[in-house]
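Trainee: Chain by chain, the residues run as shown.
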Amino acid sequence: APPRREEDEGGQGGASPEKVTLALPSSLSSLDVGRESGTLNYAVACLVQEGLLSVSPDGELRPGLAARWTQPDERTYVFTLRRGVTFSDGTPLTPDDVVASVEAIRDPKNTNALAYLYAHVTSVKVTGDLEVTVRLKKPDALFLWTVSPSGLLVSSRAFLKRHRGEVGTGKTLLLGTGAYRVTGFAADDHVLLERNDAWWGEKPGVRTLKLDFVPDAGTRLVAMKSGAVDGALGLASDEARGWESAAEVTYTEDRSVVALAFDTGKAPFDDPRVRRAVAHAADRAGMAEGILHGKAQVAAALPSPGMWGDLLPAEQVTAAYDRIALPAHDLAAARKELAASGHPDGFTAELHYPGSGPQLGKAALALAAELKKIGVTLKVEEITLEQWIAELGSGKFPLQFLWYFPTTGDPAELLDAYLHGEAEATNIARYDQAKVTGALKAATTETDSGKRGALLLEAVTEAAGDLPYLPLWWASTATALSGRLALGGGDGPFALTGPWAARLRSS
Amino acid sequence: MAVSAPVPATPLLAVEGLRLAATASGTPVPLLDGVSLTVGRGESVAIVGESGSGKSLTMRAAMGLLPDGVEVTGGTVRLDGTDLGTLPPRERAALRGHRMSLLLQDPFTMLHPQLTCGRQIADGLRPGFAAPGGGRARRAAVRAEVVRRLAEVGLDAAVADRHPHELSGGMRQRVATAAALAGDPDLLIADEPTTALDAANRRAVLDLLGELRARRGMGLVLVTHDLRAAFSAGDRVHVLYAGQILEQGPATRLHTVPGHPYTAALLAAEPSLTERYAELPALPGSVPPPGSRGSGCPFADRCPHTAGLCRTTPLLATPVPGAPQDPPHLTACLRAAELGPGLAPVRRTVVERGGEEEGDPEPAPEQAALHLRGLHRVFRSPAGDHTALHEVDLTVRRGQIVALAGESGSGKTTLARIAAGLESADRGTCVVGGVPLTAGRRPTTAERRRLASRVQIVFQDPYSSLNPLRDVGATLREALTATRGRLPRAEADAEVARLLDQVRLPASYARRRPAALSGGERQRVAVARALAARPELLICDEAVAALDVSVQAQLLSLLGQLRDSEGFAVLFITHDLAVVRQLADRAVVMHRGRVVEQGPAARVLDRPEHPWTRRMLDGHLTP
Amino acid sequence: MSTPPPPVPPAPGVAARLGAALPPRYVARRLAGTAVLLVVLSAAVFALLQLAPGDPARTLLGARGATPEALAEVRARHHLDQPVLVQYGHWLGDLLRLDLGTSIRTGESVASALGDRALLTCQLVGLGFATALLLGLPLGVLAAFRERRPTDRAVQGLGVVTLSTPAFASGLALIYVCALMLGWFPAYGAGEGGLDRLRHLVLPAVTLGLAVMAVLLKLTRAAVVRELARDHVTFARARGVGPRTVLFRYVLRGAAVPVTAGAALVLAYLLAGTVMVETVFALPGLGPLLVDSITFRDLPVVQAVALAVATLVCLANLAADLAQPLLDPRLRTPAPTPKAAR
Amino acid sequence: MTRVRRSRRPGRLLTAACATVLALLALAACFGTALLPGWDRQDLALGAAMPDATHWLGTDALGRDIAQLLVAGARSTLAGAALVALGAMVLGNALGLLAGYLGGRVDAVVHRLADLLLALPALLVTLVVAGIGGGGYALAVGVLVVLTSPGDIRLVRSAVREQRHLPYVEAAETLGLSRATVAVRHIWPNVLPVVVANTLLNFAGAVVSLSALSFLGLGVPPGAPDWGRLLADNRTLLYDNPSAALAPALLIVVAAVALNLLGDRLHEAFTDRGRS
Ligand SMILES: Nc1ncnc2c1ncn2[C@@H]1O[C@H](COP(=O)(O)OP(=O)(O)OP(=O)(O)O)[C@@H](O)[C@H]1O
Ligand SMILES: Nc1ncnc2c1ncn2[C@@H]1O[C@H](COP(=O)(O)OP(=O)(O)OP(=O)(O)O)[C@@H](O)[C@H]1O
Ligand SMILES: [Mg+2]
Ligand SMILES: [Mg+2]
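Chains as they are written, first to last, in my numbering: chain A, 21 to 527; chain B, 184 to 806; chain C, 8 to 349; chain D, 16 to 291.
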């Protein structure tokens, strides 16, 4: 007989199943987000550990482990911890644990993936009974995001000391204050989570949560159809379609963006007409519709609308984005632009994509097919993720994919990295325009969120005309749950950042 | 058609009108055409016939062990009056081992290499022979019985724990005999039990079989293509030819007054140990293959006495005129009465050719066709070193025929291969037709090229001596090109025709593939290939051993004639001392890697000095 | 039969027989050969670091934090500034101390990352091998006994189809049929140990077994056909040895030599198959670890897995080698030949 | 004891069927792209569509017609595999002839090497070497050639060793022909049928191995109409449009089965000839 899942605890009406098994599409080899920082790692770690601040499903920063925070000056933040919080092993949370958690990230021996976020932090100190004070070298409008779960997941000093360098493995697991505690982890197999009854938040309905890693798409769907799992997280859009017959699928914008990056300092893409020609050749609507099955949005800029969260009203962003007129899919126009460019007879370029992003590969092939019609040869090649990351900053390839998952809900994260004339390491388009850079600089020190938003939006619209990047789409992620389950509390772009499983309920 | 003569009471084995056909290709091809024979209790019956005549199939049919693709199409096989053909397979299988047993030809493949000899003998013992006690007692009883069986065939008890590869060929044949007799059968069929053995062992194994038969009172069928073995070991002899029995009768009668031209021809072709004949009268042609046999006498095409009726009248066994009735002497020859004494063996002229005399002076090394001094060769293997040649001295003069005889494994082939440049000596000198070969390494291509016109070799196995993919012409042309340089096509073709003519083959054979040739014809092509190089020395390594007497006679005569016309020397390696007598000027006897005796052939054969030579002479079978 | 009963020497004891069957010199030579092979393979595995494009130090650091200090530290730790041979020596030394380094990706010690996965993979390979044996051997014998008849053709056809189907495709098919349609077995995962583990491994093992079954089938069929055509089998039948004994003691015994030699090769196919099977069935064995580690250029882990596989292969070959003289007395050192009594 | 086949007819039919399948595949490989000039036409708006009258097997994610892709893909699928098989044949025969005929030290080295390579799991080694070395498809094919060759080496070597001391070979030697001539002109032609049979088997193996590599992400470049790649790419469509995934799988299996059967049959025919 097929493996039966546990029967519902109380049958109908808001009660929740005792045990829920969900499938994750890729496997985790470590639970420590500092080691392996894929989006799914966050989805697991956020159930166990918390940051000083938390993020609402819509991307608003809210109190987390810190009940309050103040900013006495531009470069100083003071956080006051929630009272009575304990780790799942029973020890109370102290400010020192927060300091230790930051230290662990900054420990050069650890080569923690998040260390770069703390590069401009001067000190983190315990300044009171429940108080932690952070000082920065220079003002940083994004700093509060750094201490949200995307940049800081707090563990205890004792735990970190005991398991230095081994946190997140099957032996040591994780220790946190969150809604769940990890009771078992087998790399590439599963994570077992048990409700943490001492959690300060609203009591989660599901007692035991098992996350199974099922990398093969076909097997994953069979698992769902045969009832071995109750749902899945993080399905790719082309796969999700198949799930619609077996489960309730919800698509949520995940803030990630896919764009083409032109090296504006290198032939042939130093010629704006060439860039426009390529943009005219790209059938962006077709990609979103065909390759992503309509589950993505044609992008107008790098930051997705959801990134503007509490900076600007959504209508203002939409209106501004609507005004951005990126070249439409039009081969005749593309030919014309190319003819007028310095490469009227076409050229040859390479475009590499990471194996973990097959949809990028398909987009590249679609583009290549169109470019071929205007006399441009595009060689598409699949490479490993690591190789792709290494190539990104190397400056060797004038045409590249930009595939970015923001960790914050602030557009500056993207804009500062990719449009800022002085951001040499990350600005792969080597785009340097005084007006844009100026606006971005001004936004860094601006404390009023509305004004900051306006400055950033100005940078975006200003850069759009130069086309250093051709934004292709803003993607969404799919969550599938069997009809019996529902994820309450909204499905905004930050739905999986935070203790999402605590909101699982029977439907 | 041969019909069995009336035999008193029920014989042990009675085969009547047995017909077999190969059914693999759809249309059945007759292989046996009404073979009848009987074996009485305690009687020894020999079946002789050339290769392919159907001897083995007859016996397999009797055992019920026909290979796939061959089926019985008529006739009966009775054991003690029971028709075996009507028995269910299971019951028939139960008879094997206990009522009748079969001993195969090759002692080297007949025993399972991974089982001890004792085990294999024990497997054939009757299940009920030992007391029904369990385990240890039973094992001890089995072991005691195995040891007893080994003693019966003259082997030590220690052999029980040996694996076959640790024993010599003769010993293996004895073990196999013990295994075949383990179930105490009433009838033992031995299919060429001695063919793979050398002369000394051959005699011993035949003697052993005869002795066991007498002691156990069982029937024995001896299948062989060796006339001497048949006549020396069988009470009665059946002559099988192309799937039919041509003659049957008491061994002594068949030997002295054959009733069929075929038997007479076979006897005439047999060389003798004691006399050299001016010529060995050879039968022309070869056994017609299955599927191409007409309705009349299958021997008609080769028979010197063929009349028109012979080709159309079906065979019928009739008593040989003037022969005694019991046991009967039957012949299938239509003209037996008419030919009468004309069938008696041709009186062959005995010659005493001078050959070499004892005191002839040694030629200088460069003048000899082959000059070996102190030749030494050791084969090393993980199992230990084996000295195949031990300080061998040997000279072959130009134009001389030297026979090299010796037991199996005495180093004859090794010597031949070294002389032909296929193997290297460890030390010693080897000069072939004036070309010195360096000890310790195999000759280079350049050396072999020079050697090619001095020495050529013909091997034992006719079936692999020609490249199966090339026709005869191509093979000979290659030999011509290799040794004499590229010739114009027409000239080469003429030369090929001449070579074929030299070995008495028609020129049309140039277009035949080896598969379309008989064994004797293949050996002749091999000789032609060797002749193409115009060598000074022709080495024949048991070149006639695998052939039937009739074909052997053809080849021996051919060699003698060619030596006379072409003037090359021959080093002729053989087991068979009668062949030595017939062909050789000089005889050399080897034993365990040493030359133990050499001298003029007549002297060595008539007045052997070394005990081993005498043993070989004793081992020689005489009818 | 009047021969007086000859003295019966006792049969040699088990120890003596084993000693004769597995001569110490032969064993020593095979062990030495395996050791040499391991050294060669380990050198090849070590060379992977050199094969990876770019600076080995950067490769070992991974994509993160290639600061000059970190680079210097890696160079020192792996002796990268010394000649390759010295590096290899150090690496080998570490290896012998079972220090396989730390994973670039997880920071975990490689040895501990390998532990459970190796166990699972071994279980899978073992079960797969058992499946292949249970299917391949009897079918091979059956086909040989029915040589060129319909049964033989059918069995061979089955073998050819399994041989021609990529393991991932047959895996998906089995999941679809046995897990989804029939619901007999779970579709994925390794289960929780014991019987549950076994239940979870049935489908993967069958997938794996089917993929290599054909190899064994072919080997067995050919060997048995060869054996059946041998004189000693005909001779055994002709002297009334029972059919069961003929089959097991004569035919199969003879076929065992080539089949065991080939069975070691089957291991290579099994190991290659596990990568796909483990991926399809979501089993946390060495296969996915290898694939992921290759994707992420986690070289220490790749090297460790490669080494584990190489060791397994060497040991299997050693086992097959040692089995040969046990099965085939012709490979043993000969005992002195007894002489005929007369 | 010679065993003879019972009836030849069903076997012949099967062989004919295999040969027909292979001929069709070869035809598709040679002229597929020429016959279907529009095989790579994309229609993004269509996306992965279900089969209908114009697209018999539906379309893939790029809106390409799967049926046409499969026909056009015969070349890329079979070419790689053929390259592996032929490369292994050339390498295997050269080394096998050398080792078998020269014997001695050369033989010992080649023999050991072949044994070692044979014992290695080819797919894993290819995965590791091509994955770490980053050489992509070409390197993968190269590695597979090397790892496939030991079968040929052993085959040729043992055949040569078997034949090396046969009288006809030694007779050629006593005629003064060079060793190379003897090996190539006399021995090799006699080994050739087995070699050809084995090459067909290797070909089949390579089709399967390369599809496995595609599955694991190391196969031909993206977008190529390779069957393995199509199968791997369309796997996610299995439950929407099964034909998209099943058709390439079926083609792989059919091609491999046909090659395997033909290879087996050839082998059998050769051993028959050897027996008679
Ligand atoms: N399995 C078989 N299928 C078809 N023909 C066969 C088969 N076995 C033997 N023959 C043919 O039957 C004929 C008789 O064969 P058989 O083995 O009985 O000859 P033989 O007298 O024993 O010869 P030899 O002295 O060579 O052993 C031969 O022409 C042979 O080709
Ligand atoms: N290549 C070899 N390697 C190892 N031992 C060999 C080799 N060739 C021959 N011998 C051994 O050398 C000895 C002499 O063999 P050789 O073939 O010369 O004997 P022979 O007199 O020709 O025997 P036969 O009459 O059986 O042909 C035999 O014991 C044989 O086992
Ligand atoms: Mg015979
Ligand atoms: Mg010899």
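Because the hints were derived from the structure by calculation, they are not lab data.
This one's a predicted model, so the numbers in the text were calculated from it and none came from an experiment.
Do not take every clue at face value.
One-sided and incomplete, this derived list gives chain D residues near chain A with beta-carbon spacing under 7 Å [said to hold, decoys possible]:
id : residue
1  : ALA76
2  : GLY78
3  : ALA82
4  : GLY232
5  : LEU265
For glycine and all other residues, C-beta sits at the position ideal for the given N, C-alpha and C.
Trainee: Hint by hint, note whether the structure agrees.
Mentor: Structure-based check of each hint:
1. ALA76: holds, 5 Å
2. GLY78: Since chain A brings a Cβ to about 6 Å from GLY78 (chain D), closer than 7 Å, the hint holds.
3. ALA82: Nearest chain A Cβ about 19 Å off; hint violated.
4. GLY232: holds, 5 Å
5. LEU265: Since chain A brings no Cβ nearer than about 16 Å to LEU265 (chain D), farther than 7 Å, the hint is violated.
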